[in-house]
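> So you can see what is in the structure, the chains are spelled out below.
Number of protein chains: 2
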Amino acid sequence: MTLTAQMRDDIVRSVEDGFAAQVEFTGALVGFRSNRGEEHTIQDFIYRALGDRGYARDRFAMDPEAIARHPGGAPWSDTHSEAPIVVGIHRPRAEAGRSLILQSHLDVVPAGPRAMWASDPYVARIEGDWMFGRGAADMKAGAAANIFALDALRRIGLEPASTVYIQSVVEEESTGNGALMTHLRGYQADAVLIPEPEDEMLVRANTGVLWFRVEVSGLPVHVREMGSGTNAIDAAYRLVGALRELEARWNAKKADHPHFADLDHPINLNVGRIEGGDWASSVPCWCAIDCRIAIYPGTDAGAAASEIRDCLAQFSRADPYLSNNPPVVTFDGFHAEGYVLEAGSEAEAVLGRAHEEAIGTPLQSFTTPGYLDTRVYALYDRIPALCYGPISRNIHGFDECVSLSSVQRITTAMALFIAHWCGVKPIDKA
Amino acid sequence: MTLTAQMRDDIVRSVEDGFAAQVEFTGALVGFRSNRGEEHTIQDFIYRALGDRGYARDRFAMDPEAIARHPGGAPWSDTHSEAPIVVGIHRPRAEAGRSLILQSHLDVVPAGPRAMWASDPYVARIEGDWMFGRGAADMKAGAAANIFALDALRRIGLEPASTVYIQSVVEEESTGNGALMTHLRGYQADAVLIPEPEDEMLVRANTGVLWFRVEVSGLPVHVREMGSGTNAIDAAYRLVGALRELEARWNAKKADHPHFADLDHPINLNVGRIEGGDWASSVPCWCAIDCRIAIYPGTDAGAAASEIRDCLAQFSRADPYLSNNPPVVTFDGFHAEGYVLEAGSEAEAVLGRAHEEAIGTPLQSFTTPGYLDTRVYALYDRIPALCYGPISRNIHGFDECVSLSSVQRITTAMALFIAHWCGVKPIDKA
Chain A
356 MTLTAQMRDD
366 IVRSVEDGFA
376 AQVEFTGALV
386 GFRSNRGEEH
396 TIQDFIYRAL
406 GDRGYARDRF
416 AMDPEAIARH
426 PGGAPWSDTH
436 SEAPIVVGIH
446 RPRAEAGRSL
456 ILQSHLDVVP
466 AGPRAMWASD
476 PYVARIEGDW
486 MFGRGAADMK
496 AGAAANIFAL
506 DALRRIGLEP
516 ASTVYIQSVV
526 EEESTGNGAL
536 MTHLRGYQAD
546 AVLIPEPEDE
556 MLVRANTGVL
566 WFRVEVSGLP
576 VHVREMGSGT
586 NAIDAAYRLV
596 GALRELEARW
606 NAKKADHPHF
616 ADLDHPINLN
626 VGRIEGGDWA
636 SSVPCWCAID
646 CRIAIYPGTD
656 AGAAASEIRD
666 CLAQFSRADP
676 YLSNNPPVVT
686 FDGFHAEGYV
696 LEAGSEAEAV
706 LGRAHEEAIG
716 TPLQSFTTPG
726 YLDTRVYALY
736 DRIPALCYGP
746 ISRNIHGFDE
756 CVSLSSVQRI
766 TTAMALFIAH
776 WCGVKPIDKA
Chain B
356 MTLTAQMRDD
366 IVRSVEDGFA
376 AQVEFTGALV
386 GFRSNRGEEH
396 TIQDFIYRAL
406 GDRGYARDRF
416 AMDPEAIARH
426 PGGAPWSDTH
436 SEAPIVVGIH
446 RPRAEAGRSL
456 ILQSHLDVVP
466 AGPRAMWASD
476 PYVARIEGDW
486 MFGRGAADMK
496 AGAAANIFAL
506 DALRRIGLEP
516 ASTVYIQSVV
526 EEESTGNGAL
536 MTHLRGYQAD
546 AVLIPEPEDE
556 MLVRANTGVL
566 WFRVEVSGLP
576 VHVREMGSGT
586 NAIDAAYRLV
596 GALRELEARW
606 NAKKADHPHF
616 ADLDHPINLN
626 VGRIEGGDWA
636 SSVPCWCAID
646 CRIAIYPGTD
656 AGAAASEIRD
666 CLAQFSRADP
676 YLSNNPPVVT
686 FDGFHAEGYV
696 LEAGSEAEAV
706 LGRAHEEAIG
716 TPLQSFTTPG
726 YLDTRVYALY
736 DRIPALCYGP
746 ISRNIHGFDE
756 CVSLSSVQRI
766 TTAMALFIAH
776 WCGVKPIDKA
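Just so you know, the sequences run in chain order A and B. Numbering-wise, this note's numbering comes out as the position in the first sequence, counting from 1, plus 355. Numbering-wise, this note's numbering comes out as the position in the second sequence, counting from 1, plus 355.
No lab work stands behind these hints, which were simulated from the structure alone. Values in this document were obtained by computation on a predicted structure and should not be read as measured data. Ideal Cβ positions, reconstructed from N, Cα and C, are used throughout, including at glycine. A couple of the hints might just be wrong.
Only some residues are given here: those of chain B computed to face chain A with a beta carbon under 10 Å [claimed, not checked]:
(1) His395
(2) Pro468
(3) Ser474
(4) Asp475
(5) Tyr477
(6) Trp485
(7) Glu528
(8) Tyr592
(9) Val595
(10) Pro639
Let the sequences and hints guide you as you build the complete structure.
If you want it as structure tokens, here you go:
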């Protein structure tokens, strides 16, 4: 059935009617401290929420061997999550429209020092239009929106006319292996929508991301004999200098990548963690840094990793200390390539229409220089992969928050998108 | 009584006769994992060893308030040791010679990664002439030598003709408050000998040492917005750059300090520990570095600390990030001034004679750019403070070891020094 103006209005109102419950649900998600490896209970919570709504459910572990074999798989490490992937499935009695994946991740990045937060990062706090909490924006609000957009249709007696998969994954903040696992499990659809906090815009292109750890170690001595010893912390920082030059060379190539040419600094190298040494008066004998760097879409992750290894090896050969104590480089997380959402897809046109209906402005797109799970669907399923979601502040930072009015607008646009893309029909009676 | 040639020979032989037991005792000391704050049991072991030999004993806690009031006291921190100071006292019935303090410290610096050691750092291992183990050289061999040099006299029926204090302290590797506490307790003598591993030479001058911690914190963001965030690790390393300039300025003044003019690099700044950030893909919001720097003798520790604070404040004012997030600087350990052993003292002449008798070569002196407890006795007791001890390798490093033949030579020289300095007499009968 086609969507009448009345039905559109009903959908808008239904999202509004359900919004108090949606906010409460989002707050409950924030209450789970779902750091990497600690997402078991939040995934069980989602599993129950999908069951309460009558969806068929699939819950499965990641398959390290299958992931290792896939070019988009990231290395498995000791800190890799063992939480399950959860999928809720809506299957209409007869398929009429186009199928859809609604995806979200429920892992969050560490909150950092508690003192830097105005309130407990794992207790949702609402102040004015903003819900604060680690993961409130990235992306528990989106996870709730996936479920509540469908709830809004159901509340007015409608359901999608085609199959919809609601995927809840983990490892989005470290490897992207969760999203890859849904692909390896065999899930496929005609499009995917991932409501990451994208300021009510559509992601046109994004970078790939590599994680790597650089470990330096060497002979420590009493600091009185410092000249004869070697300072592993200083040596590690010399290697950071070499990596900064690599970063500059990669940024200098931005003109070759149309979606990135206008960004100031599309390739960011981040030294996100450092640890080294044991004692102020001993020359430090070890230092380890955890790094993250972006790569342009179309760049092979393995080739980029080789370039990083070569850069560090070449610098080390010319360094008196490092030539005798070469650094150990380990790729221990994201090994992911970027993607471009080619303009002109029907899915994008439909989302654009839903966005205008819900928000009243044309849908804008932009390029984001960070990792997105959307890459799995774009690169390996080769389907239109739409990353589009609410307005946020300080994701990965302190006092992360999401705009609740924006979440409501986005949920409305999502419900309308589902209705347009999948078609709607009266709910099948059991 | 004067020391006859026969008595000298007897002392040499007696040290030799006791040396197997001395090596065993030294190995037992290495077996205690006496890291900072963990020296309780080793101090009790020494207390019992002194009791077994019939010394009067004094065991006392450090007095944080008295230490805080003293200009040579270092700040008390959470990691400060609460182990006791132990003193064994030999008091002859009548005082005939010059009194003496034999001092040693039993705290050790951390061993660092176990894998970097050929064998367990807390199990003494002898290979050829070398005893390996954390603290074997710095300075458990010296602690044993203090006791066994006196044992050697006793074995041939002699004892010092004057008072000898055997002081066993802690906190030498972090504050020097242990040695200061013996001064505050009221111990005084005509000279002090500390058998630190000084390669069979006498320390002519040494530096003071300051410890300080620099903490940087600021707003983290998702790495995709890195430009708008601030990287606390990078900021900390910019501050290290400013400190390296301070270090260079201080080294440039070495010509003003006669004992240091010939050293390549008397003032060493060591960034001994670093820690920062939580996640490879979050811009790090915090970083802390633990530093150690030397100061020339005659430099006021407080004035040097102010210069460090000023250097960091001045650099931060000109730095876009640090001017908004000024670093927090804490002086949390050594706050100690250096000393010079003025040539020409009677104590040095006597040690020179003993050294020649034991080892057969003239006693050489040298300058060492590190902290020594000797400073307490030189600066505050104003007595000849002799730092002189065995040949070692890799103190504060991996596979630290001490030459056992050197320990025997040094113990012989110490026994002869005691005999010359204090005088000897037949043991008092009870």
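> None of the hints should be skipped; say for each whether it holds.
Evaluation of the provided hints:
Residue-level restraint check for B/His395 is violated (minimum Cβ-Cβ distance to chain A is 20 Å; threshold 10 Å). A cut of 10 Å between beta carbons decides the hint on B/Pro468: the least distance to chain A is about 6 Å, and the hint holds. Of the supplied interface hints, the one on B/Ser474 is violated, with its beta-carbon coming no nearer than about 17 Å to a beta-carbon of chain A, more than 10 Å. Hint status for B/Asp475 relative to chain A: violated, with the closest Cβ pair at about 17 Å, above 10 Å.
Interface hint at B/Tyr477: violated, since its Cβ lies 15 Å from the closest Cβ of chain A, which is beyond the 10 Å cut-off. For B/Trp485, the interface hint is violated, since its Cβ never comes within 10 Å of a Cβ in chain A; the closest pair sits about 17 Å apart. For B/Glu528, the interface hint holds, since its Cβ comes within 10 Å of a Cβ in chain A; the closest pair sits about 7 Å apart. The interface hint given for B/Tyr592 holds, since its Cβ lies 6 Å from the closest Cβ of chain A, which is under the 10 Å cut-off.
Look at B/Val595: its Cβ gets to within about 8 Å of chain A, closer than 10 Å, so that hint holds up. For the restraint placing B/Pro639 at the interface with chain A, the shortest Cβ-Cβ distance is roughly 6 Å, inside the 10 Å limit, so the hint holds.
The structure shown violates the earlier hints numbered 1, 3, 4, 5, 6.
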